[in-house]
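Novice: Single-letter residue listing:
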Amino acid sequence: MKREDGLLTKRFDKLLIANRGEIAMRILRACHELGIKTVAVYSDADRNAPHVRYADEAYHIGAPPARESYLVIEKILDIAKRSGAEAIHPGYGFLAERAVFAQACVDNDIVFVGPPARAIDIMGDKQEARQTVKAAGVPIVPGTEPGLNDEEMIAAAAEIGFPVLVKAVAGGGGKGMRPVHRAEDLPDAIAGARREALSAFGDDVVYLEKMITEARHIEIQLLADAHGNAVYLGERECSLQRRHQKLIEEAPSFVVDEDLRQRMGAVAVAAAKAVNYVNAGTIEFLVDKDKNFYFLEMNTRLQVEHPVTELVTGIDIAQEMLRVARGRKLRFSQEDIQIKGWAIECRINAEDPYNNYLPSTGTITTMRLPTGPGVRVDTGVFPGYEITPYYDSMISKLICYGETRGEAVLRMRRALEEYRIMGVKTNIPFHQIMVESHRFLTGQFDTSFVETRFSMEEGEGESHDLEAAIFAALAAHRQGQQASQIVARGARDTSNWKWYSRWERLRK
Amino acid sequence: MKYYTKVNNQEYEIEIDHEHEITVNGEKYVIDFQQLPDAGLASLLINNQSLEAVVEDQDESWEVLMMGKLYTVKVQDERTYRLALARGLSADSGEGEVKAPMPGIIIAVPAVVGNVVKQGDKVIILESMKMENELRAPRDGIITQVKVTTGASVEKDQVLIVISDPETGD
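Listed in order, the protein sequences are those of chains D and V.
All residue numbers for the first sequence refer to our numbering, where the first residue is 1 and numbers rise by one.
All residue numbers for the second sequence refer to our numbering, where the first residue is 1 and numbers rise by one.
Honestly, the hints are just simulated from the structure, not real lab data.
Predicted, not measured: the structure shown is a model, and the values here were computed from it.
The beta-carbon is built from N, C-alpha and C at its ideal position, and this holds for glycine as well.
Please note: incorrect hints may appear among the correct ones.
Dumping the calculated DSS-like pairs for lysine-lysine here, alpha-carbon to alpha-carbon at most 27 Å [what the hints assert, rightly or not]:
(1) V:Lys122 / D:Lys175
(2) V:Lys147 / V:Lys118
(3) D:Lys126 / D:Lys246
(4) D:Lys14 / D:Lys126
(5) V:Lys122 / D:Lys246
(6) D:Lys134 / D:Lys37
(7) D:Lys175 / D:Lys75
(8) V:Lys28 / V:Lys99
(9) D:Lys246 / V:Lys6
Calculated from the model, a selection of chain D residues having no Cβ within reach of chain V, i.e. all distances over 12 Å [claimed, not checked]:
(10) Glu4
(11) Pro139
(12) Asp203
(13) Phe254
(14) Val255
(15) Pro359
(16) Arg368
(17) Tyr419
(18) Arg420
(19) Met422
(20) Ile428
(21) Glu467
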């Protein structure tokens, strides 16, 4: 089926993965389970990466910087044609939310495993997305249109209710943004925001938005087919973030009951239908302390944190994406979807939580992953892998499942302890302190928690300095013994290797 | 054989009496230490308490990863320890340099030569891995050298700033 809005669905037996790392592995696995042949692409930095080794075919696409490899549409399409791939899965990041890429695939008669190009376009434009979903009855954060004069904004603020945010249309990075708690402060704040926006962006147009305090970031996972069916797969709680990067996600959410889930789900489905959405997508909401929820944005792709939803619904989202792209109808209706148990995901990043979360580069020397009941690890790295500055710092996703939230937390604690990775610093200690913290255990956190009220020091549990010192001293001692006995070649009448093995046996 | 170790500012004198017995700061422990064939992995029984760690030799110290936490342990044998004492070297020399932890581009340089800084003060902002990263002073002192300017691209481990002790000029 081919649609005017840039959707193409048809059967395919070979698929190109326009991505790398753990998400490329995730898609590869889903393809192999469904008997679909896979084509990987790789930059110079990724020749030895698992997604290259596990794919049926692999093609080199250029230098390590993404703009010379994973982001070059022409190269990807060229390899799809050369390899005979009939479909492309973009993963997340890179080309996943570029409408031109989705359209280019369809124009070349290649299935894009994702939504129609037009839906990506609309949801990618903040203003257009807001207007479209608002018309479909989706609640958005109350605010004014841009371009009102000062008097009009002051009048509007009284209606919206304080606190409000004054925001610059051209804004970003907090510039031209002012929180206002009292009506008498508003005129000065508007003037200040205009000045700041003019000097930073050359544009002094501002607007007002209601400030949502103690907000949680909760999102609804959707699946829609090309036959007009759409379902929601429950919510994910993603409030634990730092600099807008999610760190821990869970499903379900502490604050969402069945009634709220149904209301948010229905609204999310309405938002998707407003853009004739097809395939997997996510609607992000802000939820305030009175459980009002507001549309934030739609992610028109598979998300990093999709595994927590897979574990509590039993639905393999990556496989479903492929089925939908092949033109199949969804195999389940809303009534079939039940949330069972609890799942938590910790993003393991190469960064140093003790040093302001600085990214850490280097070669992974040792890696032993946790396993056992209720533990899933999605990763694209291995011992010997070099973490380069070219791509993001996520090493793996550690996902734990339990019958209850408590059981999932206990498993996460245990799995974090079992995780052995050396060569680069990781944020595992951050996760350990977080999952032990009172606030996390009682579900009392909002989107500002990590940045404003969390500290690595306060959660510092028992330290094992003595044991660490003993390990190091014994390792140093043994190294010293070996060094003093392995001598230069020729000075001993047998090879050092033979001698070493004798020495090992003697020690036993 | 005796070793002097230091980890998180805790010092331990570890005497290896024989293969299965050590004395730490005067207290005896029964131990069994096995290095597994797998790179870096070691198993230790201390009075039958079982611990596993990854132990790696770094240039001037040992890194021990145990129960999710990374410990940096300085280990000196008796001879090295005495020599260092005789030369009057403190164990913490060389900490006054701020090095680039990864390649990147300098976005801002809040540090100025002659300024007094406290440990943890922001001295450089480096962009890498699509993020702005704040580099902080590793100790209190005076900034004696600023070796980069805004816009410069730097290599990993390149020295960016030197901080000296105001007393000794070290």
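Novice: Quick check: which numbered hints come out false for this structure?
Specialist: Structure breaks hints 4, 6, 7, 8, 9, 15, 16, 17, 18, 19, 20, 21.
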